[in-house]
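In the working numbering, the protein residues as written are -8 to 136.
The hints are simulated quantities; they were obtained by calculation from the structure and are not laboratory data.
Misleading hints may appear alongside valid ones.
What the hints assert, rightly or not - Computed Cβ-Cβ distance ranges for the label pairs, DEER-style:
# : residue 1 : residue 2 : range
1 : Lys130    : Tyr71     : 17 to 23 Å
2 : Ser66     : Thr127    : 17 to 23 Å
3 : Glu99     : Lys125    : 35 to 41 Å
4 : Cys40     : Glu99     : 14 to 20 Å
5 : Glu124    : Leu41     : 31 to 37 Å
6 : Lys130    : Lys45     : 30 to 36 Å
7 : Asp129    : Ala25     : 17 to 23 Å
8 : Thr127    : Asp42     : 35 to 41 Å
9 : Thr127    : His46     : 33 to 39 Å
Virtual Cβ for every residue (Gly too), placed ideally from N, Cα, C.
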Amino acid sequence: MIRFLKERRITRILRGNRTPGVCCDRILDHQIAAILPRVFVGTQDSALCLDILKHHKFKHILNHGINPSINFNTSIKCYYMKILHIPEFGLNALFRSCIKMMNAHRNENILIHCHVGVSRSLTIINGYLMTQEKLTYDKTYHKIK
């Protein structure tokens, strides 16, 4: 049995051998942070909130969480790259695709998100900074911290 805790409350209990590979909670989190002038990181909840997307004038969403049907009938283009939230998942092959997408749209606002907006999305942004700005891991880590 696995218990997922948030603010000392159990939000979901899973039984058996299956785990989702992500945190499970029922508390909405619409926080967004600007990492670069046109690159933002957020949560699954923020990516599903049309008001937030319009307010920040997002043109592209790069999703590393689950693959929801995001269809607001707007000009926002959604990209999905399946990255599991497990240590064994190899990111090397996906870095190139993510960096290519980010470079192609560097003059437009991009929201990069996973479920919580902490691990997978920031790993991609960290890799982007390392390759594009030729920075070390430590320097990019402190830049986005």
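Comparing the hints with the structure gives:
Our hint of 17 to 23 Å for Lys130 and Tyr71 is violated, since their Cβ atoms are close to 30 Å apart. For Ser66 paired with Thr127, a C-beta distance near 37 Å fails the hint of 17 to 23 Å. Taken as a hint, the range 35 to 41 Å is violated for the pair Glu99 and Lys125, whose Cβ atoms sit roughly 23 Å apart. A C-beta distance of roughly 19 Å is found between Cys40 and Glu99, which places it inside the suggested range of 14 to 20 Å.
The given range of 31 to 37 Å is respected by Glu124 and Leu41, whose C-beta atoms sit roughly 32 Å from each other. In this structure the supplied range 30 to 36 Å holds for Lys130 paired with Lys45, their Cβ-Cβ distance being about 34 Å. Judged by the Cβ atoms, the range 17 to 23 Å given for Asp129 and Ala25 holds: they are separated by roughly 21 Å. Separation of Thr127 from Asp42 is about 38 Å and conforms to the stated range, judged on CB atoms against 35 to 41 Å.
Taken as a hint, the range 33 to 39 Å holds for the pair Thr127 and His46, whose Cβ atoms sit roughly 34 Å apart.
Hint violations for this structure: numbers 1, 2 and 3, all remaining hints satisfied.
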